[in-house]
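Undergrad: Same order as they appear, the protein sequences are chains A, B, C and D. Position 2 of the first sequence, counted from 1, bears residue number 2 in our numbering, the numbering being contiguous throughout. Just remember that our numbering sits 234 ahead of the position in the second sequence, which is counted from 1. Just remember that our numbering sits 468 ahead of the position in the third sequence, which is counted from 1. Just remember that our numbering sits 681 ahead of the position in the fourth sequence, which is counted from 1.
It should be emphasised that the hints constitute simulated quantities derived from the structure, not laboratory data. Keep in mind that a hint or two might mislead.
Unchecked claim - Non-contacting residues of chain A with respect to chain D, defined by C-beta distances greater than 12 Å in every case (computed):
{"#": "1", "residue": "4"}
{"#": "2", "residue": "88"}
{"#": "3", "residue": "111"}
{"#": "4", "residue": "165"}
{"#": "5", "residue": "167"}
{"#": "6", "residue": "183"}
Claimed, not checked - If you want a taste of the chain A side facing chain B, the calculated C-beta under 7 Å gives, among others:
{"#": "7", "residue": "5"}
{"#": "8", "residue": "91"}
{"#": "9", "residue": "118"}
{"#": "10", "residue": "119"}
{"#": "11", "residue": "121"}
{"#": "12", "residue": "139"}
{"#": "13", "residue": "144"}
{"#": "14", "residue": "205"}
Note that beta-carbon positions come from the ideal geometry of N, C-alpha and C, so glycine has one too.
Letter by letter, the chains look like this.
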Amino acid sequence: MINKIVASVEAALADIQDGSTVMIGGFGGAGQPTELIDGLIAHGARNLTVVNNNAGNGETGLAALLGAGQVRKIICSFPRQADSQIFDGLYRAGKLELELVPQGNLAERIRAAGAGIGAFFSPTGYGTDLAKGKEIREINGRMYVLEMPIHADVALVKAETGDRWGNLVYRKAARNFGPIMASAAKVTIASVHSVVELGALDPEVVVTPGIFVQRVVKVPRSASGAAPLKKEAA
Amino acid sequence: MINKIVASVEAALADIQDGSTVMIGGFGGAGQPTELIDGLIAHGARNLTVVNNNAGNGETGLAALLGAGQVRKIICSFPRQADSQIFDGLYRAGKLELELVPQGNLAERIRAAGAGIGAFFSPTGYGTDLAKGKEIREINGRMYVLEMPIHADVALVKAETGDRWGNLVYRKAARNFGPIMASAAKVTIASVHSVVELGALDPEVVVTPGIFVQRVVKVPRSASGAAPLKKEAA
Amino acid sequence: MNNWNRDQMAARVARDIPEGAYVNLGIGLPTLVANHLPKDREIFLHSENGILGMGPAPATGEEDFDLINAGKQPVTLLPGGAYFHHADSFGMMRGGHLDICVLGAFQVSVAGDLANWHTGAVDAIPAVGGAMDLAIGAKKTYVMMEHLTKRGESKIVNACTYPLTGIACVSRIYSDLAVIDITPQGLQVVDIIDGLSLAELQKISGVSLKQKH
Amino acid sequence: MNNWNRDQMAARVARDIPEGAYVNLGIGLPTLVANHLPKDREIFLHSENGILGMGPAPATGEEDFDLINAGKQPVTLLPGGAYFHHADSFGMMRGGHLDICVLGAFQVSVAGDLANWHTGAVDAIPAVGGAMDLAIGAKKTYVMMEHLTKRGESKIVNACTYPLTGIACVSRIYSDLAVIDITPQGLQVVDIIDGLSLAELQKISGVSLKQKH
Chain A
1 MINKIVASVE AALADIQDGS TVMIGGFGGA GQPTELIDGL IAHGARNLTV VNNNAGNGET
61 GLAALLGAGQ VRKIICSFPR QADSQIFDGL YRAGKLELEL VPQGNLAERI RAAGAGIGAF
121 FSPTGYGTDL AKGKEIREIN GRMYVLEMPI HADVALVKAE TGDRWGNLVY RKAARNFGPI
181 MASAAKVTIA SVHSVVELGA LDPEVVVTPG IFVQRVVKVP RSASGAAPLK KEAA
Chain B
235 MINKIVASVE AALADIQDGS TVMIGGFGGA GQPTELIDGL IAHGARNLTV VNNNAGNGET
295 GLAALLGAGQ VRKIICSFPR QADSQIFDGL YRAGKLELEL VPQGNLAERI RAAGAGIGAF
355 FSPTGYGTDL AKGKEIREIN GRMYVLEMPI HADVALVKAE TGDRWGNLVY RKAARNFGPI
415 MASAAKVTIA SVHSVVELGA LDPEVVVTPG IFVQRVVKVP RSASGAAPLK KEAA
Chain C
469 MNNWNRDQMA ARVARDIPEG AYVNLGIGLP TLVANHLPKD REIFLHSENG ILGMGPAPAT
529 GEEDFDLINA GKQPVTLLPG GAYFHHADSF GMMRGGHLDI CVLGAFQVSV AGDLANWHTG
589 AVDAIPAVGG AMDLAIGAKK TYVMMEHLTK RGESKIVNAC TYPLTGIACV SRIYSDLAVI
649 DITPQGLQVV DIIDGLSLAE LQKISGVSLK QKH
Chain D
682 MNNWNRDQMA ARVARDIPEG AYVNLGIGLP TLVANHLPKD REIFLHSENG ILGMGPAPAT
742 GEEDFDLINA GKQPVTLLPG GAYFHHADSF GMMRGGHLDI CVLGAFQVSV AGDLANWHTG
802 AVDAIPAVGG AMDLAIGAKK TYVMMEHLTK RGESKIVNAC TYPLTGIACV SRIYSDLAVI
862 DITPQGLQVV DIIDGLSLAE LQKISGVSLK QKH
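Chain A on its own, in the form it takes in the complex (with noise of 0.2 Å):
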């Protein structure tokens, strides 16, 4: 019988390599799987390259992660933020290297990953600072920039709910980059907080199916779940 429940996340987490490529979900707050985070912290692989929207708010979660030193470089859309006090120093110290990329060029790289395209033409960036260097094309009167896939050896995502299979449904908008970077990664690690038995999900609605997920935890709802805004959520 196949269980990707996994006990803790301590288990979920143990066979992370120093050097791996992370993606970590989440927009701002909300996917942010904070427990996975705060695991990955525990565990202390070191000289990660990690792949998120953000590069951390505040002092908890990614911030933190930033902070213990553990990231070698981080490949985000939207790293200065009020509360990016962290990722500022380490970058202004030299101590964090930054690939910068529009947002939707992020999610489509993310997802060429998952999908086994090899490289794919976007009209996002062309002539911008961000495009430098990338091979540009016209294709029917419009200029596009060639874009890489972005793979990773762990995806660590927040979902709603997920089953014994590791099908997934999320929550909201807290949905954002969860299943693409699930379909990115050799090892996708969910967090969840309802476990519920195989068939309970509606095969109509689930929006990662099991095999791109390769281990799911649940941890409590009140560490993360919704909630009115938390400071670190500005």
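With chain A's structure known, arrange chains B, C and D on it following the hints.
TA: Then chains B, C and D, alone, in the frame of chain A:
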């Protein structure tokens, strides 16, 4: 108030022009919008380019559209079947142009059109006759073929349930090409078996958001819905 | 002369958004447009983080941490709305399915080039977010901005000096002084505040302007 | 010597599919493998038309026209299965997420080239379906076929004469005579029917074969 529900198939199809590219959903019989195809035959638009996975089965549906002489070219992956006699006859007589595309490239090219991708490198078909004349490239040690998006003027798709904003959900494997075709056409016309009030579709389970749908028309289930397999579904 | 204030600018933009339009409102000033959309029009708001049919801010105490907009502020979903993942959301944008996108700007050129993501300052930490996708994705990209910088320089320029967000992508500018179309025949003034002449506006702007007919 | 029959071939393939594998079974002979999957293993069947967790054929009278497999035959869905659209389904395939794909073939070359979609006959109407995606998408592509054509020619060849489906994509052949691995060191015979020697198999096959150790 926006109301995309149209009273009849005839009204929904009225402005289709001669020479249009028309995507038609379905994989064999599942998801084939039979009433919309019959409507297109009654409408009489000619010189059409049709995009479908197949090239018609038996003497009804897409086969009948071909038989009516309304189609100039078909873009599909699997035209030859035991009961594709109408296509076979027209093709052998040189009356119908065929662009044969591997099924995954067909799906991805349609998806690329909907998602604004200018072109993409696919590993599928490399080194085969279906990649002849196409640009190839080695990326990270693997060979790829450059594939172009397929845009359409009109998409005819079959869904299960819709609302007045054009949100759609599908039924089982009848989903197939519907969602991507809806995204790739200037005008998407969906047949549904059920029209529900706005808000009745769970926002978590909407498969095709209304932004991709211009017209929705209700058709009775008996004519095309799930049922014991019919002869033409073989 | 009285410059339009932020709410007047937002109302002016809102007036031009037709019923049934699919619209993305950028972070900052454009967000205000949502407050001024005519109640008798159904207009569909898209948020880059996977929402279509976005509604107004929730009542205090009703905020949901999983339902935020691009600016990470709590929002609601209208009946008929839908959620989807990030690749689908930006596909929607890049694929030309949005009718209108309203963005803030540092500079807009007479050719419609947009600079709104980076001042180019050497020590600035860059952040682009969805700006480049939004700039080139919608059928029409509107810019909503103060006409002049705090130092009194025109933000409408012959060529952007700040790093570009997109090329030839802006079709209309809503400023606190005027509404200006960017056309192949040059800038055409659609509307102007009371008490300001076209000649005066052109002088302030430092670019060639014509009255739209 | 007794050739393996179709069910024996299917059982032989099924035996090699481990628990937890994500598998696509091609149209025709490979479809039989589903009937022989060990009942004590959970194996996930993918169907190109947007199904994961495909179950067996339904009872007569229970067929659902909206739930068919790639061969357009009625199937069922197991608890825990899911539906998705065609781009997602082929992304799953092309992205290397399937562990095993089992396909029929006209010819397989010693380099693992596959020809299974077209005889190349001048008057034949071509049809490719998902064959080319399946050939190159899975982590391992297995071919299941009669060893010889009806005219007694080996279907394992030094170079395919039929139009190719994919290049260097086949890793193992299950025929009615043998199980053969395609390796960088050449063809290696894993299993062979009773009463047939390696030398005899090589003579029949017309290609160089070694015993796998």
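Undergrad: Give a verdict on every hint.
TA: Here is what the structure says about each hint:
1. The beta carbon of residue 4 of chain A sits about 9 Å from the closest Cβ of chain D, which is not more than 12 Å, so the claim that it is off the interface is violated.
2. Every beta carbon of chain D lies more than 12 Å from that of residue 88 of chain A, the smallest distance being close to 36 Å; the non-interface claim holds.
3. At roughly 8 Å from the closest C-beta of chain D, the C-beta of residue 111 of chain A falls inside 12 Å, breaking its exclusion from the interface.
4. Not every beta carbon of chain D lies more than 12 Å from that of residue 165 of chain A, the smallest distance being close to 5 Å; the non-interface claim is violated.
5. With a least beta-carbon separation of about 6 Å from chain D, residue 167 of chain A fails to lie farther than 12 Å from that chain, contradicting its non-interface assignment.
6. At roughly 6 Å, the least C-beta separation between residue 183 of chain A and chain D is not larger than 12 Å, which violates its mark as non-interface.
7. Residue-level restraint check for residue 5 of chain A is violated (minimum Cβ-Cβ distance to chain B is 22 Å; threshold 7 Å).
8. With 7 Å as the threshold, the beta carbon of residue 91 of chain A stays out of range of chain B, its nearest partner Cβ sitting at about 28 Å, so the hint is violated.
9. A hinted interface residue such as residue 118 of chain A counts as satisfied when its beta carbon comes closer than 7 Å to some beta carbon of chain B; here the least separation is about 4 Å, so the hint holds.
10. Because the closest C-beta pair between residue 119 of chain A and chain B is about 5 Å apart, less than 7 Å, the hint holds.
11. At a threshold of 7 Å, the smallest CB-CB gap from residue 121 of chain A to chain B is about 4 Å, leaving the interface hint in force.
12. Interface restraint check: residue 139 of chain A against chain B, minimum CB-CB distance 4 Å, threshold 7 Å, status holds.
13. Against a cut-off of 7 Å between C-beta atoms, the interface hint on residue 144 of chain A holds, since the closest Cβ of chain B lies about 4 Å away.
14. The criterion of a C-beta within 7 Å of any C-beta in chain B is met by residue 205 of chain A, whose closest approach is roughly 4 Å, and the hint holds.
Hints 1, 3, 4, 5, 6, 7, 8, counting from the list given before, are not met by this structure.
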